[in-house]
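Engineer: Sequence:
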Amino acid sequence: MCRGPGWARAGFSVIDMAGRYGEDVLAGDWRRRKVTPEVDAEPDLVVEDADSGFCGAVVGFEAGAVVLEDRHGKRRNFPLLPAAFLLDGRPVTLRRPTRAAVPTARRRTASGSVAVDNVRAQVAKASRIWVEGIHDAALVERIWGDDLRIEGVVVEPLDGIDALDAEVRDFGPGPTRRLGVLVDHLVPGSKESRIVARVNSPHVLVTGHPYVDVWQAVKPAALGIAAWPVVPPGRPWKEGVCAALGVAEPADMWRHILSRVNSFADVETPLINAMERLIDFVTEPA
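The numbering used here puts the first residue of the sequence shown at 30, with every later residue one more than the last.
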């Protein structure tokens with residue numbers, strides 16, 4: 030505001046103005062006042078609407094609002110209001126980028142899902158996915174680890190499934206505490222199918238693949254072999270495979286197998302389908 034000589038002649042003093050407008054806005058330690066940061070709403074930026082809790086990635090703009098899409102493909106529009114969104118748990122004001130972003134190919138995780146950037150892993154939920162052993166757990170982590178961390182789902186290895194029904198009872202599944210179980214060699218008439226039949230909770234989903242061991246769910250082409258060796262009945266399968274391929278120890282063979290798996294394209298479809306069903310089941314809202 031310009032303050033020429035006429036301002037003083039108008040009859041206002043500095044004291045008068047302070048009394049009229051209250052405390053001096055510059056009084057106190059104004060440098061410490063919190064300022065909500067402004068963030069460009071770039072494509073694929075993941076934020077949460079502070080009012081509704083809806084969490085999704087930026088996919089566009091409509092009529093002055095930002096369009097967010099969640100992991101299930103649901104889209105909602107939200108006005109670009111001050112401090113209306115949370116980024117990593119902190120309030121931010123989204124703004125439309127001043128220049129159009131150059132379209133880029135969406136990054137994919139090893140499972141084939143669209144990668145979500147700028148988002149931290151969630152705190153582990155009560156729901157769980159169980160697998161038969163540490164090899165199964167390592168293979169699941171290699172392919173679906175990024176997806177599961179974002180969802181807050183922990184994968185736990187079992188020591189076989191002989192006592193599965195008792196372990197399920199001890200877990201105490203419920204509407205907000207779901208359990209998914211991945212079983213090897215789940216085919217009609219097998220020992221595994223009879224064990225699984227004893228689990229009947231609506232909050233538990235047991236599914237699996239037809240392979241004798243999770244090793245066999247890795248495509249032979251990924252290992253540079255034409256097919257998995259046929260192991261005679263009565264001989265331990267892993268030891269038979271190692272003998273046929275000239276590998277001394279199963280531990281060495283497993284390290285080789287895991288090193289050749291880079292994405293879902295390196296494993297067989299039944300394993301992919303089983304894991305996707307389990308993830309959907311344990312992350313479905315109660």
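Just so you know, the hints here were simulated from the structure itself, not pulled from any lab data.
Beta carbons: idealized from backbone N, C-alpha and C, even for Gly.
One should not assume that every hint holds.
What the hints assert, rightly or not - Label pairs and their calculated CB-CB ranges: (1) Gly181 / Pro231: 18 to 24 Å; (2) Leu115 / Ala273: 34 to 40 Å; (3) Gly82 / Gly263: 54 to 60 Å; (4) Lys154 / Pro265: 22 to 28 Å; (5) Lys220 / Leu109: 39 to 45 Å; (6) Gly203 / Glu67: 24 to 30 Å; (7) Leu115 / Asn291: 32 to 38 Å; (8) Ala273 / Pro231: 52 to 58 Å; (9) Val88 / Arg178: 18 to 24 Å; (10) Pro231 / Val183: 18 to 24 Å.
Engineer: Decide, hint by hint, whether the structure agrees.
Structural biologist: Tested hints:
Checked against the given bound of 18 to 24 Å, the beta carbons of Gly181 and Pro231, roughly 22 Å apart, stay inside it. The given range of 34 to 40 Å is broken by Leu115 and Ala273, whose C-beta atoms sit roughly 55 Å from each other. Between Gly82 and Gly263 the CB atoms are about 57 Å apart, so this pair conforms to the stated range of 54 to 60 Å. For Lys154 and Pro265, the hinted distance range of 22 to 28 Å is not satisfied, since their beta carbons lie about 37 Å from each other.
Distance hint check: the CB atoms of Lys220 and Leu109 are about 59 Å apart, inconsistent with the given range 39 to 45 Å. Between Gly203 and Glu67 the beta carbons are some 43 Å apart, a value that contradicts the proposed interval 24 to 30 Å. Under the hint 32 to 38 Å, the C-beta atoms of Leu115 and Asn291, about 34 Å apart, fit the expected range. The hinted range of 52 to 58 Å is not satisfied by Ala273 and Pro231, whose Cβ atoms lie roughly 43 Å apart.
A beta carbon spacing of about 22 Å between Val88 and Arg178 agrees with the range 18 to 24 Å that was offered as a hint. Restraint check, Pro231 to Val183: a C-beta distance of roughly 21 Å satisfies the suggested window 18 to 24 Å.
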